[in-house]
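All chains, please: the whole structure from these sequences, using the hints.
If you read the sequences in order, they're chains A and B. Mapped onto my numbering, the consecutive letters of the first sequence carry residue numbers 41 to 750. Mapped onto my numbering, the consecutive letters of the second sequence carry residue numbers 53 to 378.
With the C-beta cut set under 7 Å, the calculated list includes, among others, these residues of chain B facing chain A: (1) W172; (2) L277; (3) K280; (4) S282.
No more than 25 Å apart at the CA atoms, straight line, and that leaves these computed lysine to aspartate or glutamate pairs for DMTMM-like: (5) A:K553 to A:D60; (6) B:K184 to A:E143; (7) B:K93 to A:E83; (8) A:K676 to A:D47; (9) A:K159 to B:D180; (10) A:K264 to A:E143; (11) B:K93 to A:D79; (12) B:K93 to A:D285; (13) B:K280 to A:E601; (14) A:K553 to A:D59; (15) A:K672 to A:D718; (16) B:K93 to A:D104; (17) B:K280 to A:E664; (18) A:K442 to A:D399; (19) B:K280 to A:E648; (20) A:K672 to B:E134; (21) A:K274 to A:E143; (22) B:K280 to A:E205; (23) B:K93 to A:E116; (24) A:K553 to A:D564; (25) B:K280 to B:D90; (26) B:K357 to A:E601; (27) B:K338 to A:D603; (28) A:K159 to B:E193; (29) B:K338 to B:D299; (30) B:K357 to A:E732.
The hints are simulated quantities; they were obtained by calculation from the structure and are not laboratory data. Glycine residues also receive a C-beta, built at the ideal position from the N, C-alpha and C atoms.
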Amino acid sequence: MSGSNPDHRTINAGQSLADDATRLDGLAKATGAARYSRDHLREDMQWVRLIRCPWGKATLESLDRDAALAVPGVTEVVISGDAGDYDGDSIGYLVAESRRALERGLDALDARWARAECKTSIFDDARVRAPIGETEGDAADAIEASDFTFEATYSTPVQTHSSLETHGMMIEPDGEGATVHASTQGTFLVADQIGRFLGKRRSRIVVDCEYIGGGFGSKFQIGKEGAAAGLAAKRSGGPVYSFCDRREEHLDTGNRPSLLCKVKLGHDADGTIRGARIETFGGTGVSRRGGGARIPSGRFDLGEIDGRNHQDVQFNAGGPRAMRAPGCPQGAFVEELMLDEIAHRCGIDPLALRRRLDDSERRGAMYDVAARLIGWSERPDTGSQDGPMRTGYGIATCDWGKGRAPAKIEVVVHPDGHLEVRTGTQDVGTGQRTAMGAVVAERIGVPLANVSVAIGNSRLPSGPASGGSVCTPSTAPAAMAAADLARDRILADVAERDGLDPTTLRIDDGVVKSGDRSIVRWEDACKRLAEPISVMGEFDGRPNAYWGDGSSEGVQAARVEVDCETGQVFVREVVAIQSCGLPLVRKPAESQIIGGVIQGASYALFEEQILDPATGAVLNANFENYKVLGAKDCPKIIPVLWRDGQTGARALGEPPVIPTAAAIANAVFNAIGRPVRDLPLRPDRVLAALAEPVPERIATATTTKTEVRA
Amino acid sequence: MNPFAYTSPKSTGEASSLATSKDHSLPVLKSGGMDLLDRMKEGLDTPGLVIDLTRIDDPALDRIEAGRIGARATLAAVSDDEAIRESAPMIAQACGSAATPQVRNVASVAGNLLQETRCWYWRMERFDCVRKGGEGCPAREGEHRFHALFPEGPCLMVHPSNLAPALLLLDGSVDVVGGPRTSIPMADFQPDPARDWRSTSVLAPGEVVTAIRFDPAPNSGFVALKQKQSFDWPMVSGYAVLDLDGDVIRSARTCAGAVAPRPRLLPAVDAALAGVSIRDDAAIRKACDAATEGAAPLPGTIYKKTLLPVAIRRAVMAAANPGGDA
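Written out as structure tokens, the structure is:
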């Protein structure tokens, strides 16, 4: 079994700025009191629904616009096209006074489509089916000079965002202005985008997103559902509601593109990799771009790389959008499984191989901890087990950049001692509200109970969109600057009134002190204010001594059991070590890691968009057949916040999703002795792999050049 | 979803009359309504009248006792019932494995038996197929990984109910009111899919299921092999009922779910298991391998051929050790 099976709360105690704070909005979310954008309903609002193509490729033969307009309650039918290039592609929209009228209107419209031939897989493309090309440049010489070559092809599926709150918005026009309740990762971006559809000046548009039910990179743009809402609101001048239904959410709101990767590399018997050719093909649906994968990651020394060989491949399905660490989980799956295959061929422990190829000191230390916590010493030899239930251990890595953006945060100090923190930046689920409150409370020296936080509104001070994991690293410095200004202002008042030197004053647990002497309670100090005071903290987005300039790094280790009679993979435990500079609030920080592991495990085992090969219709655009990891499938997860003295807040949202699928795939390889090179790791694929022989090992004494095709 | 009239009769007799009333098109009976709601939203069912059975004041419809379960009893209530767990563990296990706790708290046993196929082509209104009265089967050349290993007739669906194979093995029957008969043997509850591939059951309009009955079988077991352990339909499921003489199987009856358009009895396995000791792993394996006799896998269902003997063997072992780790 696993190592010490520790409690992550013990491991993480004392690592964060606010260890015991609970989410300020936890109760509201748990009880349903939290009002999401989708919850903004009005009796008098109009409903919008896009008219969508039901097939992979089709032309409109006929529709009955008059019949739709004749349906009581239908107010507008807009047709702007007559062909669709994927299931869910739109040719216009319908507006109605009720959801019922909307559905009856769509029925009456009776759109008839003539289906055409379509592509439903990247394998329909000859470039994908072709063997790997000739290696070019220095990599060719490096591979030639190495003892062995290794070739393999890997693939990953299209993963949809599956946001529980679907994409959309509710618009309330009000004379010259409008309030837009959008489910968005970028309140200010929506304000930029919606104006031209609404026909209103940006300065008159207020975008509001107090809570969001899922945003992993696909909610930066307003989408067709938002554009239609804007146009409908402009025409009617009244409130308009436009949200995707569950099926539309799977079809037309972006996805993580599929990947096919061909690898040829040269290595020596000791595991040294001298060079590699890497070809990647991104399955981008109808989009011309967006299918890139991050491989090589740069985390490992793979020698000379011939790696600028990426092509996006089109087929008849909805296109990609950024999804939590775009390009990274698929790249990590390929690279890390490939490393384990090399390690196996050379008879080397995959952890030892990583230590050799990875020069990050921080990850070096993380490897030790991950190995101890998962119980790596009990890892069996790959392919050594028989019996129906086999255990496997796998390890994989991640890193994430150091992006930051300018941000402003306002703090209002009320005469009753209450602190109001105000930022227009939304909470994409990371705990923005709590983090900002905790920074201000900790920095000033008062309990978090003194603080309330207003977020997610474009009237509030500006900040970044929730992308690239920059939000917390950008807003935390602004919050700290605002807290310093507010504290210094109050302390200056106290010093002046009591004739003290302000530099001797500090605030400790809500009491202003000079040395050990208590001067006045925070609330009483604030009572002296004639009216609330407001200060604005600003961060310019540039690195500095406190906030640092480093990236986030991580190592994850997985323990699985594979039922070799059925091909079922059970992920039992994942240890997820992640650095993020200074974690601000322990619980939501751990929650980011846990959420990343869950999403990554779901990607490893279950998720894939399935198209009907004949018609291009998506067969699983629902939660019955688009399988997402459930409670019984969830491993024990041990999130480890890795601080090692770092100060500034760094990226945490995206990196934890990167290594999970790779670690699980490596654990499955360890358990069954054969690599499964295609995600998801379905029972049929595991059974097919088990029918193959265990890949041969290279005797370490061998020096003759051998061609082994994997 | 189309507009529909809604009524909640006070008795099964009234429900039966309403179901044959000419005042509304396509009247439909509803208990938990789990499957009906999905079908109505997709436009597969367009009832003019929904007859809600949940207001009928008749405790017998909810009562659970050894050998008899009221039609309206929830899957959760059945799986938690001590009498069922002891007298027919396979029934309790089959009900407890379906869907999610939320669904099991609402879904009824009759609704589970009458659930429509999960075939994703059938479930999408835009696809035509033989089961809808049209032409062909899009699954045949399409994506059919969850379809039949033993096709019967032109439709490649698999029967979706966890409960139906268990009832069939226990010589079960279905109590009905509102028609000329009062009971339908489980073996006759579904028409032969090779002749009638459109009907879920032989129930006539106006016939209302009031209970299911079955023989006790303390040595019975159920195993579902699912891709996901939360909220998934089985890839293959196995059912076994044993008559044991000590460790020796005097006689066995086995059945497979999710491999054919109806529960598939496995007489070849039953014959091979007779006289075998439950401790004789090799003999049990050999016997269960007979489960795949007659299999006609499609390219995408070949893996089910591997799963089937495993599901049956594990069901046999569960039947031999009721209350043990299944």
